[in-house]
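Visitor: Here is how the chains run, residue by residue.
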Amino acid sequence: MWGYLLGLAGVVLALVAAGLAVRRASSSRPMADGGFLTGRGTSYGKAFGVARWLTTLDHKDIGLLYIVFGVVAGLWGGIDAMMIRTELVTPPADVWDVETYNELFTTHGITMLFLFVTPVFTGIANYFVPLLVGADDMAFPRINAIAFWLLPPSLLFIRAGLVTEVLAKVLQAGGLVVEALFALEPPAIGWTMYTPMSIEVGNPQVDVFLLGLHLSGVATTMGAINLVVTVFTERAEDVEWADLDIFSWAIVTMSGLILFAFPILGSTLVMLLLDRNFGTTFFLSPGGGPLLYQHLFWFFGHPEVYIIVLPAFGLISLILPKFVGRRLFGFTFVVYSTLAIGVLSFGVWAHHMFTTGIDPRIRASFMAVSVAIAVPSAVKVFNWLATLWYGRIRLTAPVIFLLGGISIFIVGGVTGVFLASIPVDLLVHGTYYVVGHFHLILMGIIPFTMFAASYYWFPLLTGRMYNRRLARVQAVVTIVGGFVAFLPMMVLGMEGLPRRYAQYPPGFTFLNQVSTLGAYLIGAGVVVWLYNVAQSLRVGPRVEDADVWDLKETDQFSREWQWFERRLEERRGELEGDD
Amino acid sequence: MGLADRNRPRQILGAIAGGVVGMAAMSIAFALLEVETRYEVGIFAGIARFVMLPGNLLFGFLVFVAFGAVVWPLLFVLFEDRIPGGPDPARRGLVFATLLWVLFALTGSGEVTGATLLIYGSLTLVGHLAYGFILGAVYGRIRPDFSVSEVRESREVP
Ligand code: HEM
Ligand SMILES: [Cu+2]
Numbered sequence: 003m004w005g006y007l008l009g010l011a012g013v014v015l016a017l018v019a020a021g022l023a024v025r026r027a028s029s030s031r032p033m034a035d036g037g038f039l040t041g042r043g044t045s046y047g048k049a050f051g052v053a054r055w056l057t058t059l060d061h062k063d064i065g066l067l068y069i070v071f072g073v074v075a076g077l078w079g080g081i082d083a084m085m086i087r088t089e090l091v092t093p094p095a096d097v098w099d100v101e102t103y104n105e106l107f108t109t110h111g112i113t114m115l116f117l118f119v120t121p122v123f124t125g126i127a128n129y130f131v132p133l134l135v136g137a138d139d140m141a142f143p144r145i146n147a148i149a150f151w152l153l154p155p156s157l158l159f160i161r162a163g164l165v166t167e168v169l170a171k172v173l174q175a176g177g178l179v180v181e182a183l184f185a186l187e188p189p190a191i192g193w194t195m196y197t198p199m200s201i202e203v204g205n206p207q208v209d210v211f212l213l214g215l216h217l218s219g220v221a222t223t224m225g226a227i228n229l230v231v232t233v234f235t236e237r238a239e240d241v242e243w244a245d246l247d248i249f250s251w252a253i254v255t256m257s258g259l260i261l262f263a264f265p266i267l268g269s270t271l272v273m274l275l276l277d278r279n280f281g282t283t284f285f286l287s288p289g290g291g292p293l294l295y296q297h298l299f300w301f302f303g304h305p306e307v308y309i310i311v312l313p314a315f316g317l318i319s320l321i322l323p324k325f326v327g328r329r330l331f332g333f334t335f336v337v338y339s340t341l342a343i344g345v346l347s348f349g350v351w352a353h354h355m356f357t358t359g360i361d362p363r364i365r366a367s368f369m370a371v372s373v374a375i376a377v378p379s380a381v382k383v384f385n386w387l388a389t390l391w392y393g394r395i396r397l398t399a400p401v402i403f404l405l406g407g408i409s410i411f412i413v414g415g416v417t418g419v420f421l422a423s424i425p426v427d428l429l430v431h432g433t434y435y436v437v438g439h440f441h442l443i444l445m446g447i448i449p450f451t452m453f454a455a456s457y458y459w460f461p462l463l464t465g466r467m468y469n470r471r472l473a474r475v476q477a478v479v480t481i482v483g484g485f486v487a488f489l490p491m492m493v494l495g496m497e498g499l500p501r502r503y504a505q506y507p508p509g510f511t512f513l514n515q516v517s518t519l520g521a522y523l524i525g526a527g528v529v530v531w532l533y534n535v536a537q538s539l540r541v542g543p544r545v546e547d548a549d550v551w552d553l554k555e556t557d558q559f560s561r562e563w564q565w566f567e568r569r570l571e572e573r574r575g576e577l578e579g580d581d
Numbered sequence: 008m009g010l011a012d013r014n015r016p017r018q019i020l021g022a023i024a025g026g027v028v029g030m031a032a033m034s035i036a037f038a039l040l041e042v043e044t045r046y047e048v049g050i051f052a053g054i055a056r057f058v059m060l061p062g063n064l065l066f067g068f069l070v071f072v073a074f075g076a077v078v079w080p081l082l083f084v085l086f087e088d089r090i091p092g093g094p095d096p097a098r099r100g101l102v103f104a105t106l107l108w109v110l111f112a113l114t115g116s117g118e119v120t121g122a123t124l125l126i127y128g129s130l131t132l133v134g135h136l137a138y139g140f141i142l143g144a145v146y147g148r149i150r151p152d153f154s155v156s157e158v159r160e161s162r163e164v165p
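Protein chains in written order, with our numbering: chain A, 3 to 581; chain B, 8 to 165.
Mixed in with the good hints, there may be bad ones.
Distance ranges between label pairs, derived from CB positions [said to hold, decoys possible]:
| no. | chain 1 | residue 1 | chain 2 | residue 2 | range |
| --- | --- | --- | --- | --- | --- |
| 1 | B | Gly62 | A | Val168 | 47 to 55 Å |
| 2 | B | Leu69 | A | Leu472 | 35 to 43 Å |
| 3 | A | Val478 | B | Pro94 | 27 to 35 Å |
It is worth saying that the hints were derived from the structure and are not from the lab. These figures come from a predicted structure and were not determined experimentally. Ideal Cβ positions, reconstructed from N, Cα and C, are used throughout, including at glycine.
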């Protein structure tokens, strides 16, 4: 066992040494003595090596690390989703057993929310917020790096059951049986980790999982502090609050929400760990009881929904106008609605608890606030539509994704207003209606805007152009897949199919199969995206003119593109040798 | 390009390097898949059937790796000109790997039936595509008589 570990450590050390050597050999510029040289790092023409990526403090490098990490986690969580949907092709639990199914929806939910969405948005913010506000780097570059490097271990902790099992199998094949590695089973307690079940489950992996989740919360909070301080203190001279772009507004609000919400999750997790391991009764009767857990969890959990959705709103508001040739309609209203959502989101948590028998007066007031929170979201939608009005819409891949995303979001949002009303919620709570509702929102807004942003900024990120036709194909396939996957769930729910079960009565077969088809379409879209990215990185045409999207024409050549233009100039200068 | 071509050794080296990297990626992915699906998909059993060694998982897997690292890359170099998708070897690799996958699906899927076949088929297809792409891309990088810019220029500029 120790031999293996030592060997592993040796390999890592060798890699680091090799990376250092490469870096030493290829960097002609003198290095500061441990200090951080602002403006030194750029994405192109830098020494390549493992060490660069392990030690970088440059916000753009760290941003890319976040994005790559998030994509890997997202693919993993996505495979979980495909497996869930595969199980549901037929009524009995014949593909995987019930226990595996429970593990799948748990790991899928957790991975998507904490390890995919949050890191990818933090990565985009890391890369672009400093460029958009004219800062040299993040306010605290070292904290930035630490916040990122906490994530890989937290992923390992959260999904340890699987990783340790692979390791155990490999060692076993080599003739070494390590019982401890087999003991960790993936958790099957749902992403909400409701007590008392989460306290009673014996599986030691649940403890490792809770620690990993706590770690990811610490990382997220550190990243959020950094983003807030950066926008507050590092803006360039000429960037007043009034000039702050819409994406940075969204990121500041998201980070504010994180600062208030994640500490609560952290505390709740610690209490849960204490209940599990030290016999405290925070969440057991006659201590606080399971309802206390739910209050604490959703006081975090509902804002979390907006934490992951606000950056997506920001991306839509930022990118859409660029391809319409008009300014964002009602900019200030979009900003105010962002802030309003941020504040209101803390006041609606108990709408997740309508069926728990809480005091009816509390219930009614939460219903009122939950309906009210639809207003600022609707304001945004109307502003997007007004931006499109009379605009010259160019149907590039980013725009197709945004239009598809907005349409799916409208369906998801309307179904959400229904859910916010107590009588409807009492009927459909715990059915596929809820799953359909939140996926229409999550899928429509989050991955779609991520894809849109990945295409919009692809030239800036890589210096190359992607394959546009393939990108449009991907956009259409993914949007169709989104509707086909999640609309049937609404019907399934209204017909009363409960969620989180591996089996179901045969009457629900057809709609489930349609939904699975949609999921596979989305998966196919993702494969096309991966191919396009990989292939364009290799052989995509080089970008010569920074104004890829003809933004100068409509006076929308914003700061990040101006930065890109300067980069291209510099590189041209270096190539001509008059450096 | 005959066998006497003086670029041949480098080409073969490049293809084998590509095969090794591609195989590493695919094996890791398959191992994760196997555990993640709780051995329901039975990928290693499928592999063993694929290389005509049903019942011997470990040896079957080793043969599989050997094929992926050496035999397929050599075939790839031999027939490169006749594989559609050129001049980019990575795209040819995709076509080549799709053919391999068809073989794999025909021989390997054995007892896998019903809904399991869906996920089995799609994930192994993606695994093979990744293998083919990596094989071709690494090969293209190492091969002396090929430059990426050649491919780049042959692409339509948007
Ligand atoms: C291909 C796309 C996706 C498919 C096919 C899919 C499918 C599913 C299915 C079938 C469930 C289980 C529902 C149940 O048993 O009650 C589920 C749960 C869930 N999904 Fe997704 N999903 C996808 C994408 C996403 C995304 C992008 C997110 C988040 C950003 C997400 C977050 C969740 C969450 C939080 C749960 C709840 C887990 C739980 O019940 O504990 N999903 N998904
Ligand atoms: Cu809520």
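Visitor: Name the hints, by number, that the structure is in violation of.
Guide: Structure breaks hint 1 only.
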